[in-house]
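*Asks:* Protein chains in written order, with our numbering: chain A, 62 to 342; chain B, 549 to 706.
Rather than coming from a laboratory, the hints here were simulated on the basis of the structure.
Keep in mind it's a predicted model, so treat the numbers as computed, not measured.
Idealized CB from N, CA, C, for every residue including glycine.
Some clues are possibly wrong.
[What the hints assert, rightly or not] Think about it this way: if two alpha-carbon atoms lie no more than 27 Å apart in a straight line, the pair counts; the simulated BS3-like pairs of lysine-lysine are: (1) A:Lys65 - B:Lys581; (2) B:Lys552 - A:Lys104; (3) B:Lys691 - A:Lys65; (4) A:Lys104 - B:Lys640; (5) A:Lys85 - B:Lys581.
[Unchecked claim] Covered by chain B, per the in silico footprint, the following chain A stretches (three or more residues, Cβ under 8 Å): (6) 68 to 81; (7) 272 to 286.
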Amino acid sequence: MERKIERYCVPGTVEEAVEAIAGKDATLFAGGTDLMVQTRSGKRPFTPLLVNISRIAGLGGISTDGDRVRLGALATISGIRTSALLKEKAGVLTEAADSFAGDQVRNKATVGGNICNASPAGDMIVPLLLLDAEVELASTAGRRMLPLCNFFTGPGKTRRERNELLTAIYFPIPPVGFAAGFRKFGTRPAMDISIVSVGVAATRDDAGWKNVRAAFGAVAPTPIRGTRTEAAIEKGGTAGEIARIAESEVSPISDVRASAWYRKELIRTLTERLHHDVFET
Amino acid sequence: MSLKHEISFRLNGKPATLSVAAHNSTLELLREKLRLTGTKHGCGEGECGACTILVDGISVNACLMFAVDCDGREVTTIEGLRAEKGLSELQKAFVEEGAVQCGFCTPGMIAQATHLRNTCPGMNREEIRRGIEGNLCRCTGYKKIVDAISSSLEKRDS
Numbered sequence: 062m063e064r065k066i067e068r069y070c071v072p073g074t075v076e077e078a079v080e081a082i083a084g085k086d087a088t089l090f091a092g093g094t095d096l097m098v099q100t101r102s103g104k105r106p107f108t109p110l111l112v113n114i115s116r117i118a119g120l121g122g123i124s125t126d127g128d129r130v131r132l133g134a135l136a137t138i139s140g141i142r143t144s145a146l147l148k149e150k151a152g153v154l155t156e157a158a159d160s161f162a163g164d165q166v167r168n169k170a171t172v173g174g175n176i177c178n179a180s181p182a183g184d185m186i187v188p189l190l191l192l193d194a195e196v197e198l199a200s201t202a203g204r205r206m207l208p209l210c211n212f213f214t215g216p217g218k219t220r221r222e223r224n225e226l227l228t229a230i231y232f233p234i235p236p237v238g239f240a241a242g243f244r245k246f247g248t249r250p251a252m253d254i255s256i257v258s259v260g261v262a263a264t265r266d267d268a269g270w271k272n273v274r275a276a277f278g279a280v281a282p283t284p285i286r287g288t289r290t291e292a293a294i295e296k297g298g299t300a301g302e303i304a305r306i307a308e309s310e311v312s313p314i315s316d317v318r319a320s321a322w323y324r325k326e327l328i329r330t331l332t333e334r335l336h337h338d339v340f341e342t
Numbered sequence: 549m550s551l552k553h554e555i556s557f558r559l560n561g562k563p564a565t566l567s568v569a570a571h572n573s574t575l576e577l578l579r580e581k582l583r584l585t586g587t588k589h590g591c592g593e594g595e596c597g598a599c600t601i602l603v604d605g606i607s608v609n610a611c612l613m614f615a616v617d618c619d620g621r622e623v624t625t626i627e628g629l630r631a632e633k634g635l636s637e638l639q640k641a642f643v644e645e646g647a648v649q650c651g652f653c654t655p656g657m658i659a660q661a662t663h664l665r666n667t668c669p670g671m672n673r674e675e676i677r678r679g680i681e682g683n684l685c686r687c688t689g690y691k692k693i694v695d696a697i698s699s700s701l702e703k704r705d706s
């Protein structure tokens, strides 16, 4: 099962990295926390070129950039969890980072890795969908931006081309009146892979809630936006009605962690609770 | 044979240069190549925390870290966590509070608790519990471990 690694490289800049992977079948890692488990279990064979992107200058950091927030691809989950900037501007990311794995994994795992690993249950993805995040991809041809909601194509699959490096995540600084919440359901507060996760967000103005976002994890082949749920919240439905719409627009599978029926029940219950916590208080 | 790569790093305060297979974990490097068996192999997938070490002062699971990524870093294992003279205050607290039973989780608990002591010295019991949620102990029920970490916070290593 194990394919031979023929070359290992540690680029110091984005330019060196994209040169190194151009035209190659490369495996990239930063924290390595997902890759190590996947290669060891045989789920994912190594490719001939192994690239450690964790030393690339300028690829980390959490900062504002004009009217946007920039998360460098190498920002760790611990970095997100303890960022004063994010706590103030986008506390839903702080909440999600706080329920992500355990301290040792959070200290090593990166937000870019969590996105590129493209797990349907990826815990940073749901809150980033609520924030209208975009990802920046670099290659020898230059850089391009892609909305996160269009980035995923299936479990472990994304629109990142083999010659591209995810360099950063950007999202608009949420406006005054923005409210958001995230709930992950597992059997422990953290550590567990999400059985389901739910997030909702919106901005309040005089007329009600606008720019409503709802997103769900672990109930479809990729993390998804719930557009019918969003419309129902914007129209001002009751929490019960909205929760039933949320339940009807997810299509979970049964697996070792939970049955499809149980996941739908959880989506309904968590959406109802979140609606109460975020929009009614 | 998989590709070998030469790395240089500091291990428990001393420089080390050696060659590792590119696919190896830091846990394999420590236990199998360097025979530092204080760091334990529990689950091998980041769930149990028995292999916790400090890298550049930050706690990580050695089983999830590529050994080649140790290059240029400062790695500290349980073998390097003792005080200059005997046990550290944290280790003494584990003994005094009876926080060790079978002992398998203890090296990882000490490494993680060292990280917690260094990064959030004012933490309360609940924060300690959250701080060790990546470390499994199948004997103690955690109470005595939390007691030990908590009581150690008032003491500084001389």
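*Asks:* Each hint needs a verdict: does it hold in this structure or not?
*Replies:* Taking the hints in turn, this is what the structure says about them:
no. : hint                : result
1   : A:Lys65 - B:Lys581  : holds, 20 Å
2   : B:Lys552 - A:Lys104 : holds, 23 Å
3   : B:Lys691 - A:Lys65  : violated, 46 Å
4   : A:Lys104 - B:Lys640 : violated, 43 Å
5   : A:Lys85 - B:Lys581  : violated, 31 Å
6   : 68 to 81            : holds (count 3)
7   : 272 to 286          : violated (count 0)
The earlier numbered hints that this structure contradicts are 3, 4, 5, 7.
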